[in-house]
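Participant: Could you build the full structure based on these sequences and the hints that come with them?
Protein chains: 2
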Amino acid sequence: MISSRDNARIKWLFKLQSKKYRDQSNSFLVYGEHSLEEAKKNGFTLEIYTSNPNKEGLLISEELMRELSLTETPSDVLAICKKKEYPTLSNKILMLDDVQDPGNLGTLIRSAVGFGFSTIIASHQTVDFYHERTIRATQGNIFYASLIKAPLIERIEQLKKLGYKVYATSSYGSLKLKEIIPSDKLVLVLGNEGQGIKQEILDLADYKVMIETSHIESLNVGVAGSIIMYEWQV
Amino acid sequence: MISSRDNARIKWLFKLQSKKYRDQSNSFLVYGEHSLEEAKKNGFTLEIYTSNPNKEGLLISEELMRELSLTETPSDVLAICKKKEYPTLSNKILMLDDVQDPGNLGTLIRSAVGFGFSTIIASHQTVDFYHERTIRATQGNIFYASLIKAPLIERIEQLKKLGYKVYATSSYGSLKLKEIIPSDKLVLVLGNEGQGIKQEILDLADYKVMIETSHIESLNVGVAGSIIMYEWQV
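If you read the protein sequences in the order shown, they are chains A and B. Residue 145 in the numbering used here sits at position 145 of the first sequence, and the numbers go up by one each step. Residue 1040 in the numbering used here sits at position 40 of the second sequence, and the numbers go up by one each step.
Treat the hints with care, since some could be wrong.
[Claimed, not checked] Here are the simulated BS3-like pairs of lysine-lysine, each with C-alpha atoms no more than 27 Å apart in a straight line:
#, chain 1, residue 1, chain 2, residue 2
1, B, 1055, B, 1149
2, B, 1198, B, 1019
3, B, 1041, B, 1082
4, B, 1083, A, 178
5, A, 15, A, 82
6, B, 1178, A, 165
7, B, 1178, A, 178
8, B, 1020, B, 1040
9, B, 1176, A, 176
10, B, 1178, B, 1149
11, B, 1149, B, 1165
12, A, 19, A, 149
13, B, 1149, B, 1082
14, A, 208, B, 1020
15, A, 178, B, 1185
16, B, 1178, A, 176
17, B, 1055, B, 1011
18, B, 1198, B, 1185
19, A, 176, A, 198
20, B, 1041, B, 1019
21, A, 178, B, 1198
22, A, 40, A, 11
23, B, 1185, A, 176
24, A, 160, A, 208
25, A, 185, B, 1082
26, B, 1149, B, 1161
27, B, 1208, B, 1185
28, A, 41, A, 55
29, A, 178, B, 1176
30, B, 1083, B, 1011
31, A, 161, A, 84
32, B, 1055, B, 1020
33, A, 160, A, 55
34, B, 1165, B, 1185
35, A, 15, A, 149
36, A, 185, B, 1178
[Stated by the list, open to error] Derived coverage of chain B by chain A (criterion: at least 3 residues anywhere in the stretch with Cβ under 8 Å from a Cβ of chain A; other residues may be distant):
#, segment
37, 1103-1117
38, 1203-1214
39, 1218-1232
Because the hints were derived from the structure by calculation, they are not lab data. In this text, a Cβ means the ideal position worked out from N, Cα and C, and glycines have one as well.
Facilitator: The following block contains the structure:
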């Protein structure tokens, strides 16, 4: 059983809590039984650590498990998981321009998987897909999504050539959600929590969509995106 | 200018960060210009504190303001705000059975106001309406909602006598959201993030609603509730 923080594997686990090392190693941490199961089911490569001698994985002390955990109620398993790319694009794509909150990102991934928008393309300034709070908010659905970071303008231009129509959300949108018949191949673009979508990306959109509400200017980005994906679900 | 943590008013501000004192005094803390404006617009009574000598309010030091702030980027105003009850019930009511996460609660309040579900009734085990993270997630919309804590079973029985129909969300629901024509007067019940709605409350529902998704069991409760309120908006 490993019980020292100085152990090289344990040091590496702590390092993987930061984006820098996740990017370098193309891997990330997964906590809890449910997420581990979903990862296995989808063929992700795992290196499992546990504080429970009856479970599969390298045994580490409960104290270390607690320290490695980022929640108040630590689970007894975690794993290093290799990132994996799915090669095909879904016909409905979710695109995120600088979404900042890990919880919002996780909620969006969860809803996107639920409504068949399984390819998600995010700007480099969007919070890390593999942030612990993001993964937690996906409730295991992250392993069903194809997650891509890319410069959005370039990607939009490529996708248009492939026949995708681009729908941007905007409180000044001209089309009301209830009145839209969505294209078969489409990209839904959502923006930053404070600033919305950048003007140069709005300019590339084929359509600007708004969700009608009684009197508030805007909905939470996770909610707005989920409502539109619900309406347009595959 | 107040700069000591031992000042009685400052001590009281710190106390109001806990639910106990908010309950006792029937008041809560509000941070930032936008929330203050919305509170004023809706006639809430405020006692304002600021670290900016050019702003309205009792002047306190920047250091105290930082300490009182619960976010990384503190604003320069905060206020003690008296709770206020709106006397009438909206025709569409949102009811929450033990929602736990302050962010989810705030998102739901924001969406409820947006879609005309302005009366929100929550069980006593639901997280505090006036939790700092809840208020933040409402983005100023909390001042438009009528927020009630009550025993749900009693309330459901009263509301049924007033002609309200009760719709409970359930992944085993028999009615698909897209196929429902909602009643004019209705109560939408959402449950706890992990457990869903308690059986004794489910038993009182007139209808059980599900949102169809491609393959996941459930959506985030803030998203699920928002999608239904969007469909049934006033």
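Participant: If a hint holds in the structure, say so; if it does not, say that too.
Facilitator: The hints, checked one at a time:
1. B:1055 to B:1149: Violated. Residue 1055 of chain B to residue 1149 of chain B sits at ~35 Å, over the 27 Å cutoff.
2. B:1198 to B:1019: holds, 24 Å
3. B:1041 to B:1082: Distance ~14 Å between residue 1041 of chain B and residue 1082 of chain B Cα, so the pair holds.
4. B:1083 to A:178: violated, 36 Å
5. A:15 to A:82: holds, 15 Å
6. B:1178 to A:165: holds, 25 Å
7. B:1178 to A:178: holds, 13 Å
8. B:1020 to B:1040: holds, 25 Å
9. B:1176 to A:176: Judged against 27 Å, a Cα distance of about 23 Å means the pair holds.
10. B:1178 to B:1149: The hint is violated at about 30 Å.
11. B:1149 to B:1165: Answer holds: residue 1149 of chain B to residue 1165 of chain B is near 20 Å, not above 27 Å.
12. A:19 to A:149: holds, 13 Å
13. B:1149 to B:1082: holds, 16 Å
14. A:208 to B:1020: Outside the cut-off at roughly 46 Å; violated.
15. A:178 to B:1185: holds, 22 Å
16. B:1178 to A:176: Judged against 27 Å, a Cα distance of about 18 Å means the pair holds.
17. B:1055 to B:1011: holds, 22 Å
18. B:1198 to B:1185: Holds, because 23 Å separates the two Cα atoms, which is no more than 27 Å.
19. A:176 to A:198: holds, 20 Å
20. B:1041 to B:1019: holds, 25 Å
21. A:178 to B:1198: violated, 33 Å
22. A:40 to A:11: OK: residue 40 of chain A and residue 11 of chain A at ~24 Å, within 27 Å.
23. B:1185 to A:176: holds, 25 Å
24. A:160 to A:208: holds, 16 Å
25. A:185 to B:1082: Violated, at roughly 51 Å.
26. B:1149 to B:1161: holds, 19 Å
27. B:1208 to B:1185: Holds, at roughly 16 Å.
28. A:41 to A:55: Answer holds: residue 41 of chain A to residue 55 of chain A is near 18 Å, not above 27 Å.
29. A:178 to B:1176: holds, 18 Å
30. B:1083 to B:1011: Holds, because 20 Å separates the two Cα atoms, which is no more than 27 Å.
31. A:161 to A:84: holds, 26 Å
32. B:1055 to B:1020: violated, 30 Å
33. A:160 to A:55: violated, 49 Å
34. B:1165 to B:1185: Holds, because 6 Å separates the two Cα atoms, which is no more than 27 Å.
35. A:15 to A:149: Roughly 21 Å separates the two Cα atoms, so the pair holds.
36. A:185 to B:1178: holds, 22 Å
37. 1103-1117: Since three or more residues must qualify, the claim that chain A covers the segment 1103-1117 of chain B holds, with 8 doing so at under 8 Å.
38. 1203-1214: holds (count 4)
39. 1218-1232: n = 8 at 8 Å, threshold three: holds.
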